[in-house]
Amino acid sequence: MDKNYTAELEQIVNPENVITSFEERLTYSYDSTRLEYMPDVVVKVKTAEQISRIMKLANEYTIPVTPRGAATGLSGGCLAVEGGISLVMVAMNKIIDINPIDLLATVEAGVITENVSKAVEHLKLFYPPDPGSMKSSTIGGNIAENAGGLRGLKYGVTKDYINSIEVVLPTGEIVNMGTNTVKAVTGYNLVDLMCGSEGTLGIITKATLGLLPVPADRASILAFFKNMTDAAKTVRDIVAEGVITATLEIVDKVTINAIEDFLKIGLDRTVGAMLLIEVDGQKGAVEIEAGIVMKVCRSNSALSVRQAKSAQERDELWSARRAALSSLSRIRPSTILEDATVPRSRIVELVEAVNEIAKKYGMLIGTFGHAGDGNLHPTILTDLRIPEQSKKTERVIEEIFKVTIALGGTLSGEHGIGITKAQYLKLEISKPVYDLMKKIKNSFDPNNILNPGKMKCTWDA
Amino acid sequence: MESEVKIKNKKEKFAILEKGDELYSCSRCGTCLAYCPIYKQTLDESLAPRGKMSLLEAISKGKIEYSDKISEKLFTCTACNICTSECPSGVKLDEMISTAKSDLIDAHKYPQVLDILKERIKKAYNVTFDSNTGRLDWAAQLPEGEPEKYVKAKAEVVYFVGCVSSFSPRSFGIPRSIVQDFDSAKVDYTLLGEEEWCCGFPLINSGIKDVVGDLAKHNIDAVKSKGAKLLVLSCPSCYHTWKHEYPKYLSEKVDFEILHISQYLLRLIKEGKIKLGPLSGKITYHDPCDLGRNSGIYAEPRDVIKSIPGIDFIDMAANRKLANCCGGGGNLESVNQALASKIALAKADEIIETGADIVVTSCQQCNRTIDASLKKKKKETNAKVKVIDLPELVLQSIQSEKL
Numbered sequence: 142m143d144k145n146y147t148a149e150l151e152q153i154v155n156p157e158n159v160i161t162s163f164e165e166r167l168t169y170s171y172d173s174t175r176l177e178y179m180p181d182v183v184v185k186v187k188t189a190e191q192i193s194r195i196m197k198l199a200n201e202y203t204i205p206v207t208p209r210g211a212a213t214g215l216s217g218g219c220l221a222v223e224g225g226i227s228l229v230m231v232a233m234n235k236i237i238d239i240n241p242i243d244l245l246a247t248v249e250a251g252v253i254t255e256n257v258s259k260a261v262e263h264l265k266l267f268y269p270p271d272p273g274s275m276k277s278s279t280i281g282g283n284i285a286e287n288a289g290g291l292r293g294l295k296y297g298v299t300k301d302y303i304n305s306i307e308v309v310l311p312t313g314e315i316v317n318m319g320t321n322t323v324k325a326v327t328g329y330n331l332v333d334l335m336c337g338s339e340g341t342l343g344i345i346t347k348a349t350l351g352l353l354p355v356p357a358d359r360a361s362i363l364a365f366f367k368n369m370t371d372a373a374k375t376v377r378d379i380v381a382e383g384v385i386t387a388t389l390e391i392v393d394k395v396t397i398n399a400i401e402d403f404l405k406i407g408l409d410r411t412v413g414a415m416l417l418i419e420v421d422g423q424k425g426a427v428e429i430e431a432g433i434v435m436k437v438c439r440s441n442s443a444l445s446v447r448q449a450k451s452a453q454e455r456d457e458l459w460s461a462r463r464a465a466l467s468s469l470s471r472i473r474p475s476t477i478l479e480d481a482t483v484p485r486s487r488i489v490e491l492v493e494a495v496n497e498i499a500k501k502y503g504m505l506i507g508t509f510g511h512a513g514d515g516n517l518h519p520t521i522l523t524d525l526r527i528p529e530q531s532k533k534t535e536r537v538i539e540e541i542f543k544v545t546i547a548l549g550g551t552l553s554g555e556h557g558i559g560i561t562k563a564q565y566l567k568l569e570i571s572k573p574v575y576d577l578m579k580k581i582k583n584s585f586d587p588n589n590i591l592n593p594g595k596m597k598c599t600w601d602a
Numbered sequence: 008m009e010s011e012v013k014i015k016n017k018k019e020k021f022a023i024l025e026k027g028d029e030l031y032s033c034s035r036c037g038t039c040l041a042y043c044p045i046y047k048q049t050l051d052e053s054l055a056p057r058g059k060m061s062l063l064e065a066i067s068k069g070k071i072e073y074s075d076k077i078s079e080k081l082f083t084c085t086a087c088n089i090c091t092s093e094c095p096s097g098v099k100l101d102e103m104i105s106t107a108k109s110d111l112i113d114a115h116k117y118p119q120v121l122d123i124l125k126e127r128i129k130k131a132y133n134v135t136f137d138s139n140t141g142r143l144d145w146a147a148q149l150p151e152g153e154p155e156k157y158v159k160a161k162a163e164v165v166y167f168v169g170c171v172s173s174f175s176p177r178s179f180g181i182p183r184s185i186v187q188d189f190d191s192a193k194v195d196y197t198l199l200g201e202e203e204w205c206c207g208f209p210l211i212n213s214g215i216k217d218v219v220g221d222l223a224k225h226n227i228d229a230v231k232s233k234g235a236k237l238l239v240l241s242c243p244s245c246y247h248t249w250k251h252e253y254p255k256y257l258s259e260k261v262d263f264e265i266l267h268i269s270q271y272l273l274r275l276i277k278e279g280k281i282k283l284g285p286l287s288g289k290i291t292y293h294d295p296c297d298l299g300r301n302s303g304i305y306a307e308p309r310d311v312i313k314s315i316p317g318i319d320f321i322d323m324a325a326n327r328k329l330a331n332c333c334g335g336g337g338n339l340e341s342v343n344q345a346l347a348s349k350i351a352l353a354k355a356d357e358i359i360e361t362g363a364d365i366v367v368t369s370c371q372q373c374n375r376t377i378d379a380s381l382k383k384k385k386k387e388t389n390a391k392v393k394v395i396d397l398p399e400l401v402l403q404s405i406q407s408e409k410l
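Protein sequences appear in the order of chains A and B. The opening position of the first sequence corresponds to residue 142 in the numbering used here, with each subsequent residue numbered one higher. The opening position of the second sequence corresponds to residue 8 in the numbering used here, with each subsequent residue numbered one higher.
Be careful, since some hints might not be right.
Said to hold, decoys possible - Okay, the calculated beta carbon distance ranges per label pair: (1) B/Thr388 to A/Ile429: 47 to 55 Å; (2) B/Thr388 to A/Glu262: 15 to 23 Å; (3) A/Lys424 to B/Asp310: 31 to 39 Å; (4) A/Glu454 to B/Asp310: 23 to 31 Å; (5) B/Glu360 to A/Trp600: 52 to 60 Å; (6) B/Lys328 to A/Thr147: 42 to 50 Å; (7) B/Phe136 to A/Pro241: 53 to 61 Å; (8) A/Met578 to B/Lys385: 55 to 63 Å.
To be clear, the hints were calculated from the coordinates, so they are not data collected in a lab. Small disclaimer: the values here were computed from a predicted structure and weren't measured. Just so you know, even glycine gets a beta-carbon here, dropped at the ideal spot from N, CA and C.
Produce the complete structure using the sequences and hints provided.
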């Protein structure tokens, strides 16, 4: 590594925030994909001005820069795949302003997702996006990856709550995008472009987030089914009955058993699937909607349907759902979590196709997810250290993606492309669209130094 | 030393080399970042639980070697164990870190203070520089007179005081209250006096395991020699060691029951042997890590507090298995005093937020750390929360009943 640039970095952020030792860099080489790429240097930043100076320096020396929040991502977005600088944003964690009239909170990018809701709890407000990693993940990372969560069906995802952002462009300029009005049609919608750009177009340093009033009432319903097909049909029919539930989660037999092994809360191991549904809103309305949901479950031959009677019982059910992935991950050494997403009308077909693929390859796949959004998490349980298993896993992933696309779906509902899904991009987007994306990237980042090596896909000549 | 370590690494003798599968099961999901008190204060990934696991995995694969830097990382830990208890993948981080610490001892890469600690315990059987004959100094000022009266040849109950409460004057209130609580309940008890040896916890926590067996054997024999049916401990770390560590070192079965003081006080209250009078005020409770998370005792101390008439009990927002460490654990203070103090101040904030007048704990170490941080906070915020230990609160209530 060029000693000069390390010395210059030390002038920008103070020497203690420039980390070069092999051991310490190693702890900034991974994220939740469990892949590892060593950055040449780790730099901990506190301000947009520091980042601006670092980007100017990086352009001068052509050093790759990869922004990093809490590194809980599932597609490798924060991995420094081409080395260079790992830019650690977690110390930028101030909540700057809360505005209960405009329903807005302005925060620095390193603020932990859950802390936004905690900070406005006393005002009976909340920040709706709730990705699985919300206790650790940062707002900056959530925006860069356009993180989803359990409440997507009714409340949408991260992009639906970003009013304006402060961004350091790859060339070092600090700019503001978006407005804090409810409506705005001035210029291109750059906030939406940045949201989900996976840290390739700019470094988000500050964001003004939308908040909502906490619903007055909610009800949780648990229904068991003979098989996944019945459960998936129920999902489709609930929405068709005009009920938009806050959450509508499906869990398959493999996952039910894994959760029961882990939590021992008395789930019925003999059933083929369960749905966990929450409706929220005004008192009265919630009861009516809960009634409709239960009726639809029964008309789709649910084996049993019940509504949680107490807040404690409700919390237990949701902690069971939140434990799905971790419970599965205890079964085999490697857990490959996909987030194939199809239009809701095709969810039954996706569920059946995943089952077929699992059978065909003799692989253990646990499926759960946000069925109401058409977003499933088929989770392949394997051991990637064994070459033959690793190859088979790749084939399974490819087949799942192919069927997802054939059903009019998308490779990733909420985890992003990064490096783990990059090679499959061409299944979904055409060459001209990919070329357009490259032109956009190039106009933001002419030297290709910001988070290089992501969403990289090659077309055969 | 350097060359010897390298040879050992090559010969694959370090215990961590056997832990590859378990280390691989850490999925790097980052859940631990939300809980680890060290990470929350430093935001330093190399000190986070998953960071530590990645370093150990790199060692197990031969990518890096044990070094002073690795040692510094691993010993920067309060051993509060919230990482293990919250890990979704079920990684036993406590076991991994403990294995690595033992390796570091073998590799002669450990904080210098440990040499002194080990020498003290080996020579004087306690963690201080004092002779073990001073075990009963705290009893000298009790109204009942001679300390020796607390050491009987035979008794139904043995009370194991622990090094800190025996030798550190600021903790004397704990054993003094306990003997008075016992006297009021007419318990037939004895202390071990100078036959009480360090339980070995500070050594176990540091990865030094060679002396622990001797300490365990001596202590068990000392309790047996009293013909006791019950052993009561007030230090959560001593309790945890007796209950969960000694069985790993000795095959010998103990034929007496082992209770923490909070459990025994509750039993005495339920049996009507301790009579509680009214006190007033709002009280919160701090779960010591070795008593709560590491031993599963959450209800008993709370039940004791709630049995006192006139008390208004309130839990902190993070309590029981999610309770945050006070910063006093894992001997962090001797490695990084400033960091321990930051963790303690964050704990003080949680306590003050409850609006309680008193925070009760059940550990001399938590008591000391919380007291210091509350005093610092008092200067800033004027919050007047006081910390007292559970047996001291019970004694106040007993005395109020007699009025």
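Each hint, compared with the structure:
no., hint, in the structure
1, B/Thr388 to A/Ile429: 47 to 55 Å, "holds, 48 Å"
2, B/Thr388 to A/Glu262: 15 to 23 Å, "holds, 22 Å"
3, A/Lys424 to B/Asp310: 31 to 39 Å, "holds, 36 Å"
4, A/Glu454 to B/Asp310: 23 to 31 Å, "holds, 24 Å"
5, B/Glu360 to A/Trp600: 52 to 60 Å, "holds, 58 Å"
6, B/Lys328 to A/Thr147: 42 to 50 Å, "holds, 43 Å"
7, B/Phe136 to A/Pro241: 53 to 61 Å, "holds, 59 Å"
8, A/Met578 to B/Lys385: 55 to 63 Å, "holds, 58 Å"
Checked against the numbered hints given earlier, this structure breaks none of them.
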